[in-house]
Amino acid sequence: MAKEEMGEQAASDLSRRDFLRGGATGALTTGLIASVGSPAEASSHGKVLGPGAVSAKLKINGKVRAVEVEPRTTLLDALRNRLDVTGAKRVCDRGTCGACTVLLNGKPVYACSVLAIEAQGQDIVTVEGLGSPGELHPLQAAFIANDAQQCGFCTPGFVVACKAFLDGNPDPTLGEIQKGLGGNLCRCGTYAGIGPAVLEAAKALKGGARNA
Amino acid sequence: MPEYNWPEPSKRRHIGKRTSRLDGPDKTTGHATYSYDVNRPGMLFAKILTCPHAHAKITKLDVSAAKSMAGVKSVRITQDVGTEIQWELDEIVAVAATSEEVADDAIRAIQIEYELLPHFVTEEHKDKAPSSEVAKEESTGDPDAAAAAAEVKIKGFYGIPAISHCCMEPHGQVCEWEGQDQLTAWCSTQAVSGLPGQFADKLEIPTSNVRVITPYMGGGFGSKFSADRWGIDCAEMAKEAQAPVKLFLERNAELAVAGDRPSAYAKIEVGAKKDGTLTYWSSESWGSGGIAGSRGSPPLPYVVEVPNRRQKHISVVTNSATARAWRAPNHPQACFLTMSALEDLAAALKMEPLDFFLKNVGLMGERSDIYESELQKCADLIGWKQRWHPRGEGKGPIKQGLGLALHTWGGRAHNSNCEVTVYPDGNVEAKLGSQDLGTGTKTVIAMVLAETFGLGLDDVKVHIGDSRYPASGGSGGSTTVGGVSSSTRRAALNALAQVFEKVAPGLDAAADQLEIENGAIQVKGTPDRSLSWRKAAARIGPTPITASGKNPGPGKLNDSGVGGVQMADVSVDVETGVVKINQLVAVQDCGLIIDLKTAESQVYGALIMGASYALMEEKILDPVSGRMLNADMEFYKLPGIGDVGKLEVHMMTGERHDKRGVIGLGEPPVISTGAAISNAVANAIGVRVPYLPLTPDRVLDALAKGGAA
Amino acid sequence: MRAFEYASPETREDAVKLLSSKAGETAVLAGGTDLLSLMKDEVVTPARVVNIKSVEGLGGISYDAGSGLRIGPLLKLDDLEADSRVRSDYPSLQQAVDGVRSPQIRTMGTVGGDLCQRPRCWYYRHGFGLLAKWQGKAMVPDGDNRYHAILGAGPAYFVNPSSLAPALIALGARVNILGPKGSRTVDLASFYRAPSREEESENVLAADEIVTDILVPTAAGRKSATYEVREKEALDWPLAAAAVSLQMSGSTVKEARVVLGHVAPTPWISKSAGQALKGKTVSPETAMQAGEAAIAGATPLSRNRYKIQLARVAVKRAVLRATGMEEV
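Protein chains in written order, with the working numbering: chain A, 1 to 212; chain B, 1 to 709; chain C, 1 to 328.
Okay, chain A solo, but in the shape it has when bound:
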């Protein structure tokens, strides 16, 4: 791991711990649960937050953004409804279709099934963080070249899932792609383009193209 990255990791660990100690929280509400000891008894570290909105900080595509969320707000809804980061899509909203896929510390997750407050202190990368229309990530370029999108609503989630897949397997076969991307669904039927797109991107990334 590079030095800078270590520093960044340590910093994010710290901010996470700060948050958990209540350093970044709003008013504490307790007493919902009669039969449980008060949070103070439970732990000075395990503070109880909510159920109302609390202040949170989310590091999205490299930028830390402050947002008010309730504990029940999912990462996906925080991104889409509160931060106007709409690349990740809400489709099934039950951890099945993959349209909301984002990277959390480099790993692909369904943002609909992560609470926003538990995503604090972690690196969140959405499709917007991989490239832009003027500076496409090789995967995005390969998706276009192979027409791996039609309506395009599943595409952001697919691109992010493919990024994570290639990070773990930079030199895949078509068979491995077909087995390794089982967490995303498309309705228009763009799979015929996605396989070749991932193969092409793998080649481009190995060839020294920008490896974001």
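Just so you know, these hints were derived from the structure itself, not from any lab. Don't take every hint at face value.
As the list claims (entries may be wrong) - No farther apart than 25 Å at their CA atoms in a straight line, the calculated lysine-lysine pairs in the BS3-like style are these:
(1) A:Lys107 x C:Lys232
(2) C:Lys232 x B:Lys646
(3) A:Lys179 x B:Lys580
(4) B:Lys57 x C:Lys137
(5) A:Lys203 x B:Lys597
(6) B:Lys502 x B:Lys535
(7) B:Lys312 x B:Lys267
(8) B:Lys646 x A:Lys179
(9) B:Lys202 x B:Lys239
(10) C:Lys53 x A:Lys59
(11) C:Lys53 x A:Lys57
(12) A:Lys179 x C:Lys232
(13) C:Lys53 x A:Lys107
(14) A:Lys107 x C:Lys40
(15) A:Lys203 x B:Lys646
(16) C:Lys133 x B:Lys60
Unchecked claim - So the derived list for chain C, only partly shown, Cβ under 8 Å to chain B, looks like this:
(17) Met1
(18) Trp122
(19) Met139
(20) Asp142
(21) Gly143
(22) Arg146
(23) Glu231
(24) Leu235
(25) Gln309
(26) Glu327
Unchecked claim - Here are some chain B residues pointing at chain A (derived, C-beta under 7 Å):
(27) His31
(28) Asp37
(29) Gly438
(30) Gly640
Idealized CB from N, CA, C, for every residue including glycine.
Since chain A is already given, all that's left is putting chains B and C on it; use the hints.
Only chains B and C this time, still in chain A's reference frame:
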């Protein structure tokens, strides 16, 4: 007036080439803003209280607690006490609030009670249906005599369930008012130009006061032509709250009420001479598209006009939301029913199905010669002659088989208007009140525009997705590409004619002596008397040139009526009943193809959607509660990237197809896939699985029964 | 989703203290892939969610030549599959994770979550309860029961959804459980139960208890495999599954444990299938006999008779896979 034709093949710079869709960079980077992604300042979020029962009367409704909650800005009762609800997840009350969470809490605070009423959701058992009627009954030739004379005859039962559209972007919109009577609605719709009138009618404002915008569109497949009651609710709440409101359906409603394809079941008898010549067809079919019945009937027998035939279709009413046009309405059902029965007959005749269909190609109407060449081409691509075997041969638990089917579709171009502007700096743009559903519409328009002006794709701009642009038809029935390519071509030629008028004097020629060649305007056949496009545009003066074009109009730019053949290669594990697709091959004609790349993508996508309804899709309504049990994407199963096998697409091109002009492609390639896969499974395991989808339970059941339905 | 309080304790003891003894009042959040869906559908409506992701000592995987594997309940499925010891000694576990075909679920989902996830029964998920009642009457027999139980069915008809439990039970796993009164150890085989009343849950975990360790004995001399019948390559639930663990003596089976998944309200331990293999040399015929023994006594509902065949074949194929004799 210019002549409205397509350029000769040798002169085409763009048409017929493979062009990557122009919105690819926006879509792959998350920069494409879909209606669901529109966030307006001060926007409220809406939620709907839906009925959990398939049939019930509302006996109590109290929204006072919801209304008084902090953050709740509008509560709108759609259906009040006394209303009889006819399907599960129908809307009762809509709430708009400052956040989704508050809206959700408000929905929970509504008190509602129902009196349960009996429901019916199992239309396969039509004799138990409380309501059904004959939708169609017709007879041609002498079916009774043909039945008696048929040398080989089979009887079969076949069934295909209702399936959902399951658009990735759910139905919905963001509504925002300016003052009391100006509405802007960002809708996920297939009909940008058609929606303002629907809103205006219900909201009682002038249509010209409604603007519908659809920047990008996350899938429709025939289900998004209506403003819908939830759209009107959204507008009404935005008006009451004096704030923009976003209302999109939850996934369960998207699956259960926002569109499905009617089911179809049929008892079919079909007969032929020993040599395979088809002589006799009789079918009694039935199905349901929910509370409105079957919504038409499958065209039976499909494609093959059996000389002596009789058919009857019964429309069954179920407690389910009304079906909507699902990609090629009624055709996939008709194709599955017909091609299954014909393949069963071929098996009884001990004929190879390819020979059987070629034998009867004369019954396939005016384009039978195209079917013949498509059958041959498809057979070559999949290696049919080398690989086909009689039903049920093969050792071990994994059985392989081949199947085929063929289809037709109309696709006559819709009404479309286009306005083209040529600016003095040479920029060219087109405006159409059309929409791109992911089909490549925007790219096709740009290609036609660039083609006509002899420019590159970077030199032209296309604006669609706004009802303020010239009206263009809704995107349904494969009518769009023919409509927009024609209106764009006409508008562009009309604009070009005006440019010719302006530059002709400088070239010392008459306007009708000019042509576009290699990015320049020149006197016909005289390259040394030419002007570059930029220089020519500079001569139009300070005021841009605008011209419009309309389809239909004079000339021969489009047509209707296409066909296609598909073949499937499957493996079936006869111990588990699991079906795997090895390969699907599609051969498709659609007249003149503008963008070969996105055209092929339409067919690839259709094969995948076809594989999906062949193997997995089914709306499962609970006989006990009447609810849709799989109104989620976990049990409403769609295939993933590893579930569709190897796909091959061949588009029919060349003069025979070119000269017909442009014909739409959205519907046809999805029609045959289910039938071809079902036939391949029958070929693999030796018995017909009478139902789609071909799930393990049905495959094992058919094997256990030895094929008797 | 209803509003809830949220806590993210750092010690096991704090986690337990934050949980209510009353069922349904609090919920434990680990991977989140199941819990958030349950809360969105209001099948569970906890007033407090206790996120245990930051609790120390609940993750990791380690191996000891004497005691075997210790798996922390927070271990991600991906990390379980990648573990070299799992890959070399416990192929049935690796194969079970391989059946979870979503990389997202594998990077989010935990071993503990897989074991404790709630049934996918569509009646349960629609709020009709674990025993699925409609106007006082059991819905499943008259309803759509294509994915329901064929063994041990009634009054519960759901199937246990765990991908790992059959393999772990066949391998003889135990779990350590921590509650307010301290910790206890139970065999994973006894962890699950078929509820007979609506108030009962599908496992023995009290509302204020958490799983702290999953312990798997060494696999010396054992061959194991999992076989799932799935109709999709992409993320999907198996229609039936079987895990086997065979104690071999040369080519002869000394002792066999056969556990079926997705066919009963609990992972279904088939003693008779194990018995059928004991003392035999594995062959397609003996494997099939084990399959036949496993489904003896199955009672199909109106739409799930096919699952008997799937269970039979899953056992056969798992046995053959364990011994390297796979036919397909």
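The hints, checked one at a time:
Distance restraint check for Lys107 of chain A and Lys232 of chain C: the Cα-Cα separation of roughly 24 Å lies within the 25 Å cut-off, and the hinted pair is therefore satisfied. Between Lys232 of chain C and Lys646 of chain B the alpha-carbon distance is near 16 Å, which keeps this suggested pair within the 25 Å criterion. Only pairs whose Cα atoms come within 25 Å are accepted, and Lys179 of chain A paired with Lys580 of chain B is accepted, the gap being roughly 14 Å. For the hint pairing Lys57 of chain B with Lys137 of chain C, the CA-to-CA distance comes to about 22 Å; that is within 25 Å, so the pair holds.
For the proposed pair Lys203 of chain A and Lys597 of chain B, the alpha carbon gap of about 22 Å is at most 25 Å, so the pair holds. With a C-alpha separation of about 12 Å, the suggested pairing of Lys502 of chain B with Lys535 of chain B holds against the 25 Å cut-off. Between Lys312 of chain B and Lys267 of chain B, the direct Cα distance comes to roughly 10 Å. Compliance with the 25 Å bound is thereby established for this hinted pair. A hinted pair counts as satisfied when its Cα atoms are at most 25 Å apart, and Lys646 of chain B with Lys179 of chain A qualifies at roughly 14 Å.
A threshold of 25 Å between alpha carbons decides the hint, and for Lys202 of chain B with Lys239 of chain B the separation of about 13 Å falls inside it, so the pair holds. The suggested pairing of Lys53 of chain C with Lys59 of chain A holds, with an alpha-carbon distance near 19 Å, which does not exceed 25 Å. At roughly 18 Å between alpha-carbon atoms, Lys53 of chain C and Lys57 of chain A fall within 25 Å of each other, so this suggested pair holds. Our distance criterion of 25 Å between C-alpha atoms is met by Lys179 of chain A and Lys232 of chain C, whose separation comes to about 11 Å.
At roughly 16 Å between alpha-carbon atoms, Lys53 of chain C and Lys107 of chain A fall within 25 Å of each other, so this suggested pair holds. The straight-line distance between the Cα atoms of Lys107 of chain A and Lys40 of chain C is roughly 24 Å, inside the 25 Å bound, and the hint therefore holds. At most 25 Å may separate the alpha-carbon atoms for a hinted pair to count; Lys203 of chain A and Lys646 of chain B meet this at roughly 22 Å. Under the criterion of a C-alpha separation no larger than 25 Å, the hint pairing Lys133 of chain C with Lys60 of chain B is consistent with the structure, at around 24 Å.
Because the smallest distance between the Cβ of Met1 of chain C and any Cβ of chain B comes to about 7 Å, under 8 Å, the interface hint for this residue holds. Interface restraint check: Trp122 of chain C against chain B, minimum CB-CB distance 4 Å, threshold 8 Å, status holds. Taking 8 Å as the C-beta contact cut-off toward chain B, the hint placing Met139 of chain C at the interface holds, the least distance being around 5 Å. Interface restraint check for Asp142 of chain C: the shortest CB-CB distance to chain B comes to about 5 Å, inside 8 Å, so the restraint holds.
A cut of 8 Å between beta carbons decides the hint on Gly143 of chain C: the least distance to chain B is about 4 Å, and the hint holds. The beta carbon of Arg146 of chain C is positioned within 8 Å of a beta carbon in chain B (closest approach about 6 Å), and the interface hint is therefore held. About 5 Å separates the beta-carbon of Glu231 of chain C from the nearest beta-carbon of chain B, less than 8 Å, and the hint is met. Using the Cβ-Cβ criterion of 8 Å, the hint placing Leu235 of chain C at the interface with chain B is satisfied: the shortest such distance is roughly 7 Å.
At a threshold of 8 Å, the smallest CB-CB gap from Gln309 of chain C to chain B is about 6 Å, leaving the interface hint in force. Here the hint on Glu327 of chain C is kept, as its CB sits about 7 Å from the closest CB of chain B, short of 8 Å. Evaluation of the His31 of chain B hint against chain A yields a held restraint, the C-beta minimum of about 6 Å falling below 7 Å. With a least beta-carbon distance of about 4 Å to chain A, the hint placing Asp37 of chain B at the interface is held under the 7 Å criterion.
Look at Gly438 of chain B: its Cβ gets to within about 3 Å of chain A, closer than 7 Å, so that hint holds up. Hint status for Gly640 of chain B: holds, given a least beta-carbon distance of 5 Å to chain A, under 7 Å.
Checked against the numbered hints above, the structure violates none of them.
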